[in-house]
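Residue numbers (this note's numbering), protein chains in the order written: chain A, 1 to 261; chain B, 262 to 414; chain C, 415 to 1197.
Simulated from the structure, these hints should not be mistaken for laboratory data.
Possibly wrong hints are sitting among the right ones.
Between beta-carbon pairs, the in silico distance windows are [claimed, not checked]: (1) 62/A with 375/B: 25 to 33 Å; (2) 85/A with 855/C: 34 to 42 Å; (3) 270/B with 1139/C: 39 to 47 Å; (4) 146/A with 657/C: 50 to 58 Å; (5) 314/B with 1139/C: 54 to 62 Å; (6) 339/B with 821/C: 30 to 38 Å; (7) 3/A with 1139/C: 51 to 59 Å.
Among chain B residues calculated to face chain A with C-beta under 10 Å, some are [what the hints assert, rightly or not]: (8) 270; (9) 271; (10) 275; (11) 282; (12) 301; (13) 303; (14) 318; (15) 321; (16) 325; (17) 326; (18) 329; (19) 349; (20) 352; (21) 372; (22) 381; (23) 393.
Don't be surprised by glycine CBs; every beta carbon is placed ideally from N, CA and C.
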Amino acid sequence: MYTFNFRRASNLDEARQIHQSSSDAVYVAGGMTLIPSLKLRLASPEDVVDLSQIDGLATISSTDSVLSIGAMARHNDVAKTTQIPALAALASRIGDAQVRNCGTIGGSLANNDPAADYPAAVLGLGATIHTNSRSIAGDDFFVDLFETALEDGEIITRVDFRVPQRAAYAKFANQASKFAVVGVMVAETDAGVRVGVTGAAACAFRLTSFEEALSTSMSASALDGIDVDSSDFNEDLHASAAYRANLVTVMAKQAVDQLVA
Amino acid sequence: MKVNLTVNGSQHAVDVADNALLSDVLRETLGLTGTHVGCDTSQCGACTVHLNGRSVKSCTVLAGQADGGDVATIEGIANGDDLHPMQVAFRANHALQCGFCTPGMIMSAIDLVESSDAPLNAEQVREGLEGNFCRCTGYHNIVKAVLDAQANM
Amino acid sequence: MNAETGIGASVLRKEDARFITGKGQYTDDISMFGQTHCVFVRSPHARAKINSISTERAMAIDGVIRVFTGDELVADGIGDLPCGWVVNSKDGSPMISPPHPPIATTLVNYVGEPYAFVVAESLQAARDGAEAVEADFEVLEAVIDMATASSSDQIHENAPNNQAYDWELGEKDATDAAFDKADHITTLDITNNRLIPNAIEPRAALGSYDAASGMYTLYTTSQNPHVERVVLALFVNVAPEANLRVISPDVGGGFGSKIFVYAEETAVIWASAKIGRPIKWRADRSESFLSDAHGRDHVTKAELALTSDGEMLGLRVKTIANMGAYLSTFSSSVPTYLYGTLLAGQYKTPAIYVETQAVFTNTAPVDAYRGAGRPEATYVVERIVETAARELNMDPVELRRKNFIPPDAFPYQTPVALEYDTGNYAASMSLALELADSDGYAARKAASEANGKMRGRGYSCYIEACGIAPSQLVISLGAGVGLFESAEVRVDVSGSVTVMTGSHSHGQGHETTFAQLVSDRLGIPFESVNVIHGDTGRSDYGLGTYGSRSIAVGGSAIDKAMDKIIAKGKKIAAHMFETTEDQVEFAEGQFSFAGSNEPKPFAEIAGAAYIPAVYPLDELEPGLSEKAFYDPKNFTYPAGSYVCEVEIDPSTGVSRIEKFVAVDDFGNVINPMIVEGQVHGGLAQGIGQALLEHGIYDADGNLSTGSYMDYTMPRAADLPDFDVDMTSTPCTHNPLGVKGCGEAGAIGSPAAVINAITDALGVKDVPMPATPHTVWETIQQGA
Chain A
1 MYTFNFRRAS
11 NLDEARQIHQ
21 SSSDAVYVAG
31 GMTLIPSLKL
41 RLASPEDVVD
51 LSQIDGLATI
61 SSTDSVLSIG
71 AMARHNDVAK
81 TTQIPALAAL
91 ASRIGDAQVR
101 NCGTIGGSLA
111 NNDPAADYPA
121 AVLGLGATIH
131 TNSRSIAGDD
141 FFVDLFETAL
151 EDGEIITRVD
161 FRVPQRAAYA
171 KFANQASKFA
181 VVGVMVAETD
191 AGVRVGVTGA
201 AACAFRLTSF
211 EEALSTSMSA
221 SALDGIDVDS
231 SDFNEDLHAS
241 AAYRANLVTV
251 MAKQAVDQLV
261 A
Chain B
262 MKVNLTVNGS
272 QHAVDVADNA
282 LLSDVLRETL
292 GLTGTHVGCD
302 TSQCGACTVH
312 LNGRSVKSCT
322 VLAGQADGGD
332 VATIEGIANG
342 DDLHPMQVAF
352 RANHALQCGF
362 CTPGMIMSAI
372 DLVESSDAPL
382 NAEQVREGLE
392 GNFCRCTGYH
402 NIVKAVLDAQ
412 ANM
Chain C
415 MNAETGIGAS
425 VLRKEDARFI
435 TGKGQYTDDI
445 SMFGQTHCVF
455 VRSPHARAKI
465 NSISTERAMA
475 IDGVIRVFTG
485 DELVADGIGD
495 LPCGWVVNSK
505 DGSPMISPPH
515 PPIATTLVNY
525 VGEPYAFVVA
535 ESLQAARDGA
545 EAVEADFEVL
555 EAVIDMATAS
565 SSDQIHENAP
575 NNQAYDWELG
585 EKDATDAAFD
595 KADHITTLDI
605 TNNRLIPNAI
615 EPRAALGSYD
625 AASGMYTLYT
635 TSQNPHVERV
645 VLALFVNVAP
655 EANLRVISPD
665 VGGGFGSKIF
675 VYAEETAVIW
685 ASAKIGRPIK
695 WRADRSESFL
705 SDAHGRDHVT
715 KAELALTSDG
725 EMLGLRVKTI
735 ANMGAYLSTF
745 SSSVPTYLYG
755 TLLAGQYKTP
765 AIYVETQAVF
775 TNTAPVDAYR
785 GAGRPEATYV
795 VERIVETAAR
805 ELNMDPVELR
815 RKNFIPPDAF
825 PYQTPVALEY
835 DTGNYAASMS
845 LALELADSDG
855 YAARKAASEA
865 NGKMRGRGYS
875 CYIEACGIAP
885 SQLVISLGAG
895 VGLFESAEVR
905 VDVSGSVTVM
915 TGSHSHGQGH
925 ETTFAQLVSD
935 RLGIPFESVN
945 VIHGDTGRSD
955 YGLGTYGSRS
965 IAVGGSAIDK
975 AMDKIIAKGK
985 KIAAHMFETT
995 EDQVEFAEGQ
1005 FSFAGSNEPK
1015 PFAEIAGAAY
1025 IPAVYPLDEL
1035 EPGLSEKAFY
1045 DPKNFTYPAG
1055 SYVCEVEIDP
1065 STGVSRIEKF
1075 VAVDDFGNVI
1085 NPMIVEGQVH
1095 GGLAQGIGQA
1105 LLEHGIYDAD
1115 GNLSTGSYMD
1125 YTMPRAADLP
1135 DFDVDMTSTP
1145 CTHNPLGVKG
1155 CGEAGAIGSP
1165 AAVINAITDA
1175 LGVKDVPMPA
1185 TPHTVWETIQ
1195 QGA
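Same shape as in the complex, but just chain A (with noise of 0.2 Å):
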C-alpha cells in the first residue's frame, strides 16, 4: 500500500466535505474491493474516508411494497432479509462468508464491477438508487465498465427495491474468484417482467428480448430458439463469449424454473 490518510467521516456533509477538500479521496465503504486493490499499489489515493461511522446509512426498513436497504448494509444483513427471497438469496452467494460480512451494497453498486452480483438484481428488480443529492433510477444507473451515474464525490445512501410478485436469481460463478461469469435475475412486477444480466458484458444489462418472450409465457421453454447477441459479450481465460451466450440462457432458464417452483 501506498500511504494515504484515513478520515473517518461522522455524518453525509462531512464525508463530502473530505471528499471535497481532498486532491484525491476514495470512500471506502466495505472496503472488498477497494483494499485489495490498495494493497497491489493500484489505487493511490491520498484520502480514504470511511463510511462506517455514519448514522442510519445500514439501515434496512420496508413497506408491503418496498424494501430499502442502506447502502452500508452488508451482504450478509441482506442475506438475511425476508421481503425479496430472490435478493436474499442474491446476497447470500456474493464472495464468501467473510466477504459477505465485509462487503456493503452501495461500495458494491458505486464499484459497479461488471461481475458483481447486485447490478442484476438493481436491474431485474427495477430499483431505485438514492444518493445524498438525488435518486437515480436503476436503469440509469450503470453506465459503462467500473462507470456509472454517479457524479465525483457522490454518496450512494440506500437503494430502494419494489417488492414484485415473484422473482429468482441463478448465477454461474467463476471457479476461482466466485465472482458472476454470468447471473441472471427475472422478476415479474408490477412494470412487467425484467430480466437483469451480469457478468457477461462490459456492465450489466436488461435483456429485453428475454423479457418480451417471459410476458408471453413464464416458462424456461419461452426461451428455447431466442439468440443472445454475444459481440459485445466479454471474453477471458475462464469463459468466451459464446460460452457466456449460453450460459445467459442456461441461466435465465433456471432463474425462471426457481420463480415457477
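Take the given structure of chain A and dock chains B and C to it, following the hints.
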C-alpha cells in the same frame, strides 16, 4: 493514528500507520502471530478473525475501520485450558496438517456454526467454508470436524 | 506394544496442540532485534537485456538502508543456483545448465525474476524503494510455447535449440518390433497442465549474521534445511558450512515447492552480513505465483501396441518437458528418472521406449511438485490403457487385469530400469470396485440420463517409486547428492527419548508418527518421546522430506538407530544379569534373561547407562545415544486403484465428482489416520489438476493466472467426500515394511477423473483442467 481495540477481551490503544491493516496490528503490534497471512487478494482466509462477532479477513480490514471494535483471534477462543469445541474437533478428526490455514479455518468454522439457525449438513459446511483454502487436507476431515463440533457448541 | 499409541494406531497428533491454538512458529512469526525488511525488484519482462540499473532514487527514500544488485553478489563471489542432477542426452553428452545467478545481472528470463533487492527499516520503505529502482531494459522476443521452443529464438547462449537435454530410456528396437507385430495401436496426444504449487504459507526467510562468532543463521521455509545449507555453502559460497545454521521452523506446506534453493533466501542471508542486521522477507502471494517453481507442464505423444485380445506388447512415449527459464534444483530428474522409469505402470508390457526433450522457455522454472514425474507417467499410462480398452471394446478393468504383473512375479524387473519388490494390483482393484458400488453403476447412469445429465466412470491404477532413493543408484544416474537419511536416538537418564531426524515435517505429522515408532519399539510411553527436526544445528545431517521418503528412509534410519540402542542396552543388561549379551532378550520395553525372573525395564537400563557402575568402562562407553544413517536398497513401490464417477451437466459443462474411491497399498502403516489424511490431500491436488488448476502464460510471458482471482484453488465445495481404503503388501527391503504415502493421491487421481469425463462425453480426450468451459466446448464440437 490511534486505534482502540478490544482483542480477546483485553483493551488496547495502539498507535499505527493510517494504512495499517487489522492483520498488521494483530501480528506486528500485538504479537498475535496465530493469525496468518496467505494471500494478497482476500481469498485464502488464513487471516480470518472475528470482528464484532462476525468472521472477517483481517488482511482486508483497515485498522481504522476496526476502531472501537471487538476482535477475537485463534489465541482467544479457548477458555483457559479448556479448548473451544471446534479446536477439539479439529484435532480429534485430523482436520489439519501443516497448520497454517488452521487458525483462519477454525475462526470461520465457529462463525459458520454460530450463525446458522439449524444444524448444518456436510454440503452446507463445504459451501460455508468457501472463504478458506486448505492445501493439505482435501477438506475431507475439516468437514467432519465441523459437523462433529457443532454438536458440542 | 500399546494398542492405543503403537504401530498401527491412529494416534492424535502431538503437533496439533500448538497449531489449533495459534502457537505455531512459522518463519514470518519470528522476529529479531534490529530486524530489517526486504523486497525484491522483479522483472516485468519475460525476456530482456538489462542495460543498466539505477538505485539512486531508491536509496534516497527515507528508511531505505541498501539496494543490492546482482553484480554485487557476483563481485562477492556468490555463485549460481545449481541444478543438482546431471541428466545425459541420448548421445551421452551432459545436459546444458545455463548460468542462473540468484539476482539477475545481464539478462532477465521470466516475469518475476529478481534483478535487485531493497533492504529497509520497514516493509513500507522497502516497497517504496523497490518501486523506485529504475532499470533500462532492452526487451527481447519471449519464448513461451514449449512445443515450438526448439525452433524459436535462443534464450541461453550455451543452449542451442533451447534444449537442456534429449533423453531416452528403454529399448527402442525391441519396442519398434513390438509395434510391428501389433494387432492394434492406440495413439494419444495429451498435455499435462502446468500447476502452481500454492502451499498456503508463502515462502519466507529471516537471515542474520553474528560478527562476533562469524555465524550465519537462516530461518526459512525449507523442506530440507541440510540441503539448503550445503547448497548455500558449497555451491553458492554464502558462508562456510560450519558457520551456517539453517532452521526450518514450522512450515506451512511444501508439496515440493520448498525443496529448492531459491534466490530470495540466498540474498537475505548474504546481505544480512553486509548490513550487519537481520533481514526478513516474506513473499506476497503474487510473488509466490511468479517465483515458486511450478510443476508438470508436458506435451506427450504416446502409442500403445496391443494384440486384438488386449495383451499389451509395447509402449512408445515422446514427451516435451517445459523446464522454464533455468534448471531449478532437482528439475532435470523430474521428466526423466522420476517419469520414464514409471511408464511400465502396473503392467507386464515387455517393451517400452521413452524420449524426453527438455526445453527452456521464458517462464518460471519448473521442478518437482507433489508426485514429480510420477503423476505425468501415470497420466500417460492410465489414459492410454483406458483409451485402448474403449477402442478394443473391452472392459477397461478386464484389460488391466489381463496385463497386471501377477503377485507371484515379484521381484519384477521392468523394461524401464526399476525392480518392483512386491505388490498385488488385482487385490486393490477388486476392493476399489466393491467400494465404488460397481454393480449399481448402470442404474445411476440411467438416472443421470433421465435427468438430462451425462455420467461417466474412469479408473486409474497407478504405481510410483518413492522412498527416494538408493544413493548409489541415483548417483550413477547423475544425482549430485546421496539420498539416505540420518537419525539420532538420544535416551535420557530417566529413559525418555529425544529423536533427531533429518526428515522435515511440514504437515506430515512426523512428531507423532516417529514417536509411535520409537515408543512401540522401545516399549516406552508415547508421551516420553520427543521428535526434533528441521534444524542443522541440532541434527547431524538430513536429506529432507520429498518423494514420500520420510517413513521409508527417515523412519528406517530411526529404526536402525534403535537397533544400536537395544544392542547396547543388552550389553548393559548382560552385566546386570551377570550373563552374556546373547542371552538377553528385549521385548515390550523389558530386557530379560532366562536365568532371572526380574526383567529390567528400559528406563532402568537407561539409568544404568548414565550411572556407569555395573559395566566395565574399557568395554562400554557411558551413555545411551546412537546415530544411524540409512540408505535404502531400492525405491519403494506404493500402488493403488482409483475409481472416479462424474456427472456432467451438458448445459453448463460442469463436472461433479459423485464418487471417488482410492484403494492404496502402502505396505505397513504406522498411523492410519495420518496416512488417510495424506491420501485426502493428494487426491485434492490431483482432482485440482484435473478440473481446476492451470498456470497459463500469455504470448508475452505474463502469468495470466497470477492470483487466486484466476488460478482456481480447490475449495471444500469443489471436492467430494473420499472413499479411502488400503490393501497391504509390505515392502520387502526396509525394516519397517513401509512404502510412503505422501504423493499417491496426486499421482493416481488425474487419470481417473479424465477417464471418467471422457467416458461420459464419449470422446477420446479432454485437456486438463476440464473446466466447465472446456467441457462445454468439447460437447459443442461433438454436437
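Checklist entry - So the hint says 30 to 38 Å: do the beta-carbon atoms of residue 339/B and residue 821/C match that? => result violated, 51 Å
Checklist entry - Is the gap between the beta carbons of residue 270/B and residue 1139/C within 39 to 47 Å? => result At 46 Å between Cβs, range holds.
Checklist entry - Once the shortest beta carbon distance from residue 326/B to chain A is found, is it less than 10 Å? => result holds, 6 Å
Next on the checklist: Tell me if the interface restraint on residue 325/B is satisfied: Cβ within less than 10 Å of some Cβ in chain A.
Outcome noted: It holds, given that the least Cβ distance between residue 325/B and chain A is near 4 Å, below 10 Å.
Checklist entry - If you take the shortest Cβ to Cβ gap from residue 381/B to chain A, is it below 10 Å? => result Since the shortest Cβ distance to chain A is 12 Å, the answer is violated.
Checklist entry - Are residue 318/B and chain A close enough, Cβ to Cβ, to be under 10 Å, as the hint says? => result Where the cut-off is 10 Å and the nearest Cβ of chain A is about 5 Å from residue 318/B, the hint holds.
Checklist entry - Are residue 275/B and chain A close enough, Cβ to Cβ, to be under 10 Å, as the hint says? => result Status violated, d = 14 Å.
Next on the checklist: Take the shortest C-beta to C-beta distance between residue 349/B and chain A; is it under 10 Å?
Outcome noted: violated, 22 Å
Checklist entry - Between residue 62/A and residue 375/B, does the C-beta distance stay in 25 to 33 Å? => result The hint (25 to 33 Å, Cβ to Cβ) holds, given that residue 62/A and residue 375/B are roughly 26 Å apart.
Next on the checklist: Take the shortest C-beta to C-beta distance between residue 301/B and chain A; is it under 10 Å?
Outcome noted: holds, 5 Å
Item to check | Proposed interface contact between residue 270/B and chain A, which counts if any beta carbon pair is under 10 Å | outcome: At about 21 Å, which exceeds the 10 Å cut-off, the nearest Cβ of chain A leaves the hint on residue 270/B violated.
Next on the checklist: Just to be sure I understand the hint, the distance between the Cβ atoms of residue 85/A and residue 855/C should be within 34 to 42 Å; is that true here?
Outcome noted: holds, 38 Å
When the structure is compared with the earlier hints, violations turn up for hints 5, 6, 8, 9, 10, 19, 20 and 22 and for no others.
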